[in-house]
Amino acid sequence: MIPTSHALVLAALLFALGVIGFLRQRNVIMLLMCVELMLNSANLVFLAAARAHGKVDGVMMPLFLVVVAAAEAAVGLALVITLFRKRGSLDIEDFKGLRG
Amino acid sequence: MNAALLPLLVGLPFLGALLVLFAPLGDRSLRRLAMLFALATAVVGGFVFCCFEGNASGFQFGFAADWFTLPGGGTTRLALGVDGLSVLMVTLSALLVPIVLVTAPGHVHKRIREFLFWVLLMEAGMLGVFLALDLVLFYVFWELSLIPLYFLVGIWGGENRIYATIKFVLYTLVGSLVMLVGLIRVALAAGTTSIDELVVGNLPEPVQHFAFACFALGFLIKVPVVPFHTWLPDAHVQAPTGGSVILAGVMLKMGTYGLMRFGLQVLPAGAAAWGPWLAAIGVIGVIYGSLLAWAQRDIKKLVAYSSVAHLGFVVLGVFAFTEISLQGAVLQGVNHGISTGALFLLVGVLYDRMHTRRLTDFGGLARTFPAFAVLLIVSTLASIGLPGTNGFVGEFLILFGSFAERPWMTAIAAVGVVLGAVYMLGMCREVLFGRVTNPACEKLEPLKPREWAALLPLVALMLWIGLWPAPLLDRTRVVCAEMAARIEPWLDGEEQAALPREPR
Amino acid sequence: MEAPWLWLITLLPFLGAAVNGLLHARVLLARAAGVADDPAGERLVAWIGTLAVAVPFALSVLAFVRLQGMEPDARLLTASLGDWIHSGTLRVGWALAIDPLNSVLLLVVTGVGALIHVYSAGYMHGDPGYRRYFAYLNLFVGMMLMLVASDSLLGLFLGWEGVGLCSYLLIGFWYADGEKSDAARKAFLVNRIGDFGFLIGGFLLFWGDAGTLQLDGLNAAASAGTIDPGTLRLAALFLFLGCCGKSAQIPLYVWLPDAMAGPTPVSALIHAATMVTAGIYLVARLGVLFAVSGILPVIAIVGALTALFAATIGLAQRDIKKVLAYSTVSQLGYMFLGLGVGAYSAAVFHLVTHAFFKALLFLGAGSVIHAMHHRQDMLEMGGLRSRIPTTYRTMLVGALALAGVPLLSGFFSKDEILFLAASGDTAPWLLYLMGLGGAALTAVYTGRLLALTFFGKPRFDEAEVHVHESPRSMTVPLQVLAVLSVAGGLLGIPFVMHPLATWLEPVVGEATAIARGAEHHGSHALEIALLIVGGAVGIGGLVFGLRRWQGDPAAEKARMDRLEGIWRPLANAWFVDQAYERVLLAPLRGLRALCAGFDVFVIDGAVNAAAGAGRAIGERVRKVQSGATSEYALWFGLGAALLLLIFWIGGTP
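Chains as they are written, first to last, in the numbering used here: chain A, 1 to 100; chain B, 1001 to 1504; chain C, 2001 to 2653.
One thing to keep in mind: the hints can contain errors.
Derived contacts from chain A toward chain C, CB cut-off under 8 Å, selection only [said to hold, decoys possible]:
#1 Leu14
#2 Phe15
#3 Val19
#4 Leu90
#5 Ile92
#6 Lys96
#7 Gly97
#8 Arg99
With a cut-off of at most 25 Å between alpha-carbon atoms, the simulated SDA-like pairs for lysine to any residue come out as follows [what the hints assert, rightly or not]:
#9 B/Lys1443 x C/Ala2030
#10 C/Lys2186 x C/Val2583
#11 A/Lys96 x C/Tyr2632
#12 C/Lys2457 x C/Ser2473
#13 A/Lys86 x C/Ser2630
#14 B/Lys1167 x C/Tyr2632
#15 A/Lys96 x C/Gln2625
Derived from the structure by calculation, the hints contain no laboratory data.
Computed from a prediction, not measured in an experiment: that's the story for all the values here.
Just so you know, even glycine gets a beta-carbon here, dropped at the ideal spot from N, CA and C.
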């Protein structure tokens, strides 16, 4: 049986990958995918914990998260499309309208 | 019937505001509609005044309905009621709004629908402040009355209106937030938010001291007293005439009302502890405000600073804690609203015609504008407290009552009576007397009917209250005696320990 | 005894004021519409104005007769209209109380007032503010009657400030002249300083524990000793400060000479006969209180000083009204001297006779000014005796009375005060000599006034100034007052008759007894001797004054130049105004400027600085908001890491 720690390490690696990607990537679609990556790493932790503790609660949570992620992806992609139509670009460096 | 009276009083201007906002009418009809609601409110206000039972203690015409439940388990209520402390202010507020509306066509030429909306909304807020019997409701109304003034000054004000508006709103907002802290402290300690319970209960002393400091800061900024007063001259100078009238007539009185309702009734121990300092601040305000009024060259600023001086008297009267001085303070609140309101209207009359407020631009108006001169002189006399006018009764009672407790401070404040004559008569001298030096003063349009309609009731009130103040004094007698009695045990250190403390 | 009709006495003048005020408004409206004034309207106004005072006079006579019909100790008429101010333990009603003391004043105020109204009808003829003038004058009489007839200190204060207001309005009657307005304002402000004292005095009495503001109650409390002596003394001093303001005594007399800016009948009525005697009335009214308080010596000294001091200034004035103004200040000083030595009824006696002869002199001066086309400088007059004979004759009577020539009213009243000062307890001879010195100077400046005005050769251009006698409406009041100035002496002739003193005895008897002791000081021999001295000084001074200033003006001018060192300070009233300006007003203005600067730079500066600081901080911090999403995420991540670290180290949840 694979020890829980392995799953946790994998989740941490996936999460770090997501974080680094989110900080480094410039394409908005890539950013969204990085966010998905982080979310799914969290799912992994939940599942690993559920198996380790033998409880079903941890299995419930990923189901929620998958739904939320789907909704998020839908809204996010809609925004991306709108952005591209308006600005003709998906480079995050071009969107600094909130600069103080 | 009686229970519905106060909701009606607050509801009428509110309803009127909504109707004005959405009614598909032209400007003239809108004005009429707003006037209708303001007059109806005034009639209800007058009815409340007439039916108010002077000899009874406690709140009358009570109305209460549950509102929402607080996290701690307490329930806030939509509770309204009127007692001797608020009845005069309620009536005055209801009376001043029609006066403001009747003069509005003189100085409000743009965005009339919004103007009427804000004025009526402000009226609802002001009346609510005086009538609310629940801390949360009070706070809601308190803020509600602030916002309309922000727009009134900010949209219809003078050249420098943005500066004045922001200054005024930030100042009062700081005060309100500090007050909110005190309010929450009181609510937590008492376990209730209902004011009618708080005014008879006793909170632990440390809570009172802390909460009083918070409340007092909020109210003192609103009054305003030195050194928190600098927003007032700016706001007055920039505000349109109607805004100034309401600001001076009612808004400032929310501060003195709060000082009495919360400072003296809810937190007597705190008031007793802080009283001497606040009385001293009041006296400083009298002298300082008078000197500054004397130094002004802008007639509206002069009247604004005179407000600081007059309200210094009121603060002194409140924190002298005697029945007579408290009655004087309540009455002087009304008087100041009437006479300063009239003065602002008169300044507006001049400004509408000559578009200047500099003292040196006038002169010799007694000949060219005699009706104005008579009204200005009468208002001036009321303002400087000549016997036979309303100002005398209030000022005299304050000084007379305060003298029993704080003779030195009162003696110093009485110097303000002399200074008041100095700057007010100085103003009359420059505006009315001497030769006409400015050709613009030669041909002035006579007073319009609507200006008469606004000013004559005020002048009549000045003389009425001056000669026969009994109807007003009778209505405030009981509550002032109770306030003085309530604070009495806290004034003496030894009796404090013996005071029964209800566990709340 | 309850007598509700007393209210008619005080309310009728108010009614007259209201009616005349409305008539004035109507004329203004007509003028605005381009209609010329209706000359017949003036008669109506004058009638209304005069009747509004004459009817109260008749009613005052009625009150007087009623009082006379009562037992001497029970002479009191009251009228009440319910509460005015009622708060806590303070309860003051609208109530009048007429006793022998104020019945006399009612008669003087309404009687002299009515005469002056008649006179004004002629004097103000053709003035565009004719109706306004009569409205003010009626208002004044009403306020004065409130002052005199009220039964409480507060009601008295209502009248007290009310007459101050009317004085303000009437001094500044010709408001287009800025200087006149300034004089009016000065009068009001100086009086306000006195009123400050009045208020504080009242507070001290009430809380120190008289517990009432009723005038009789205050007297009773003082004599019963319910008021703490120290408080009582302080309170009496403060009240006396109020009297100094209203009755123009040192140090607050400075407004009265300037008050001459008003129309001359106003000077006669307000600034000689009635309003300025309010202070004397107050001290007499609260006679017991003042006597018990022990400040009477202060009053006596202030009175004597003022009497002498003002007389010196009167000696050197060129303006005929200014002479009379300083003379009034000086005569009021005599009345206070009388009060101060406990001679209450003598003071009231002098008040009455002074009202007659000073009103006469002012009205006469008005007639002269009228004849001279509004010239007031006596150095530009001269030789008017034959040109305006009625004015001359009546004024002569007034001048003789003022100078204290034997057998005229002023002689008896002034010498009674001097005798009682000489036989009093407070520095008797010093006070007497000051008073006598003042009397001598009074006689001299009176003689000077007569000489410069009526005698010698005319010093004006007769082609330019057509001197003419005044109309009958002006001369008849003069004649009546002249008769009164002579007959007034009958109110109190030593050894012969004392009707006034007897009349006042029930009111001021107790106070006199406290102030002077029960037994009479001073022998008859002394009284006779002083009468002779007084008469001689009066006649001598008058003759000296008449002769000294009758010569030709050129020689006079040379003489004045020689005496420059003395004349200059006298003519400039000892530079008191300038001293006040420097010592009081200039520092006050400095304080005002200081406060104004403090307000703008310190208080408002702090407010704006706080706002500026907020803005400056925001200016720096805004750069953090770069707009780059990844940067935000970095901060977010760092923050989360920091929190985790804290929780890890802190070990909490």
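Here is what the structure says about each hint:
no. : hint                  : result
1   : Leu14                 : violated, 16 Å
2   : Phe15                 : violated, 11 Å
3   : Val19                 : holds, 6 Å
4   : Leu90                 : violated, 12 Å
5   : Ile92                 : holds, 5 Å
6   : Lys96                 : holds, 3 Å
7   : Gly97                 : holds, 6 Å
8   : Arg99                 : holds, 3 Å
9   : B/Lys1443 x C/Ala2030 : holds, 16 Å
10  : C/Lys2186 x C/Val2583 : holds, 16 Å
11  : A/Lys96 x C/Tyr2632   : holds, 12 Å
12  : C/Lys2457 x C/Ser2473 : violated, 28 Å
13  : A/Lys86 x C/Ser2630   : holds, 21 Å
14  : B/Lys1167 x C/Tyr2632 : violated, 33 Å
15  : A/Lys96 x C/Gln2625   : holds, 10 Å
Taken one by one, the earlier hints fail for this structure at numbers 1, 2, 4, 12 and 14, listed in ascending order.
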